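Residues per chain are reported as follows:
Protein chains: 4
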Amino acid sequence: MGIISKKEIEVRYAETDQMGVVYHANYIVWLEIGRTALVKDLGFTYAGMEKDGLISPVLDVNIQYKKPCVYGETVTVETWIQEHGRVRTTYGYRVLKENGDVAATATTTNTLIRRSDFRPVSLSRVAPDWEEAYRANVVGVREL
Amino acid sequence: MGIISKKEIEVRYAETDQMGVVYHANYIVWLEIGRTALVKDLGFTYAGMEKDGLISPVLDVNIQYKKPCVYGETVTVETWIQEHGRVRTTYGYRVLKENGDVAATATTTNTLIRRSDFRPVSLSRVAPDWEEAYRANVVGVREL
Amino acid sequence: MGIISKKEIEVRYAETDQMGVVYHANYIVWLEIGRTALVKDLGFTYAGMEKDGLISPVLDVNIQYKKPCVYGETVTVETWIQEHGRVRTTYGYRVLKENGDVAATATTTNTLIRRSDFRPVSLSRVAPDWEEAYRANVVGVREL
Amino acid sequence: MGIISKKEIEVRYAETDQMGVVYHANYIVWLEIGRTALVKDLGFTYAGMEKDGLISPVLDVNIQYKKPCVYGETVTVETWIQEHGRVRTTYGYRVLKENGDVAATATTTNTLIRRSDFRPVSLSRVAPDWEEAYRANVVGVREL
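The listed protein sequences derive, respectively, from chains A, B, C and D. Take the first sequence: its position 53, counted from the start at 1, is 53 in the working numbering, and no numbers get skipped. Take the second sequence: its position 108, counted from the start at 1, is 108 in the working numbering, and no numbers get skipped. Take the third sequence: its position 60, counted from the start at 1, is 60 in the working numbering, and no numbers get skipped. Take the fourth sequence: its position 37, counted from the start at 1, is 37 in the working numbering, and no numbers get skipped.
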């Protein structure tokens with residue numbers, strides 16, 4: 001019953017490559033835009049967290065490309081919390097083309113560290129309100 | 001006994017983000033530079049293949065980030081053929097920091113299609129010399 | 001009395017660099033998003049023009065950086081036609097920070113060529129409706 | 001008689017766009033790679049300067065595109081000091097295609113500030129050895 005964030009992104013010309021479609025690495029940027037949108041939908045801002053001296057590096061990315069996206073269309077990135085552990089959060093993603101077709105599915109795992117010394121910190125300790133919201137919004141693996 | 005291509009890449013300022021390290025999506029670009037280098041080491045050029053009307057889209061990317069890379073260092077991308085099937089090739093990668101530490105490990109799966117109609121083609125049919133070189137250089141999963 | 005297009009852009013984390021602000025080359029991408037928006041405001045689509053076999057390469061870019069932009073803010077790109085000649089169009093731009101401060105001013109000059117042979121074509125011949133709209137919307141140099 | 005740095009760059013697939021050539025904003029990244037190379041040729045490292053708490057933001061970019069660059073070629077960026085003032089340095093650039101044709105000419109103006117408070121600092125005060133090298137290597141405007 002957790003939130004599934006939906007964020008529209010207008011494909012940029014700069015994002016295409018000589019195949020005539022969006023270059024595959026640029027989807028990874030879209031996933032991060034999706035995370036930013038999800039955090040906002042949960043009532044927080046990632047930029048605000050960084051101001052508090054915390055950063056959330058990506059530990060892994062797994063992405064499956066299904067259909068190409070093209071300049072001129074507006075895609076939608078769906079983002080949700082698939083799993084939320086003590087020190088790691090796994091996000092699930094689905095990128096939809098303008099016509100509704102699935103362009104890609106993905107997961108990323110993120111952790112939380114202190115910017116000053118790159119040491120891991122526990123979300124529940126430094127931001128109990130985030131922790132509560134994250135726990136309440138675990139969606140799990142969606143059948144796609 | 002297959003070739004493991006080693007390609008040095010000087011980290012660009014443009015590749016960093018406000019965490020002070022290389023932005024994670026930029027590693028995906030490095031993987032492609034690794035593929036280009038491997039193809040060259042095998043005696044071919046990917047640019048030449050595209051001139052023949054063929055393109056090789058990425059079907060999936062799986063990457064694990066181990067240590068951050070920084071502007072000012074020269075990283076090395078190791079690339080090899082992990083698996084080579086009839087219509088798909090899986091490449092393995094290891095990104096090494098200048099000090100030898102593993103920055104990331106990854107795999108990508110690529111296919112081959114005709115640019116004109118995006119239909120799959122068989123490497124063995126359109127480029128038997130590539131097919132032979134690929135078969136002779138399957139390294140498999142490396143213990144890392 | 002011509003149109004001055006206003007396009008909001010949410011700053012992406014990927015657009016920052018280790019200075020902690022938006023990397024300067026990324027503004028050039030924003031200018032193009034501004035052009036796309038202006039063309040849309042004029043009633044056309046640049047993607048549509050490319051489908052007709054025409055492309056509009058950039059001949060020059062001149063940009064002055066005034067204030068840094070940061071992740072978490074929404075900037076606005078103002079775009080207008082500064083000059084419209086027989087074979088070249090000069091666009092003017094202003095990038096505004098969320099607080100209204102000018103982040104950058106810029107101009108670009110674009111031409112129009114056929115994709116098939118990279119030969120110049122005249123807008124008035126291939127797209128008289130665009131030509132008319134462009135002529136009617138020359139704003140000139142704005143006092144900024 | 002000052003140094004003109006020459007830096008080879010292998011064009012990346014990621015740098016192309018759907019026109020089939022290098023996307024124009026990516027040249028701006030190459031200019032910075034040229035600056036990094038020039039600083040190295042002068043006997044310093046820009047990364048080292050940042051470790052000392054100094055950053056060198058770009059104040060303006062002016063670039064003229066002459067010929068497109070394509071994936072598969074190795075371009076050369078020539079970089080030199082065109083002008084060196086008390087608080088600003090203007091660099092000159094020429095991007096050459098693999099066949100020697102000029103792909104682009106450009107200038108950028110950079111300043112020097114303290115990272116901690118974004119206040120301008122004088123190169124001659126914080127790094128007299130850099131200042132001396134810069135003064136000794138002003139090339140001026142080249143006839144291109």
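Calculated from the structure, these hints are not laboratory results. These numbers come from a predicted model, not from an experiment. Treat the hints with care, as some may be off.
Since the list gives no way to pick out one identical chain from another, each pair is judged satisfied if it fits inside one copy or across any two copies.
Heads up, simulated BS3-like pairs for lysine-lysine below, C-alpha to C-alpha not over 27 Å straight-line [what the hints assert, rightly or not]:
1. K97 x K40
2. K6 x K97
3. K97 x K7
4. K40 x K6
5. K66 x K6
6. K51 x K66
7. K51 x K67
8. K97 x K51
- [ ] Any hints from earlier that this structure breaks? Give me their numbers in increasing order, please.
- [x] Violated hints: none at all, because every hint is consistent with the structure.
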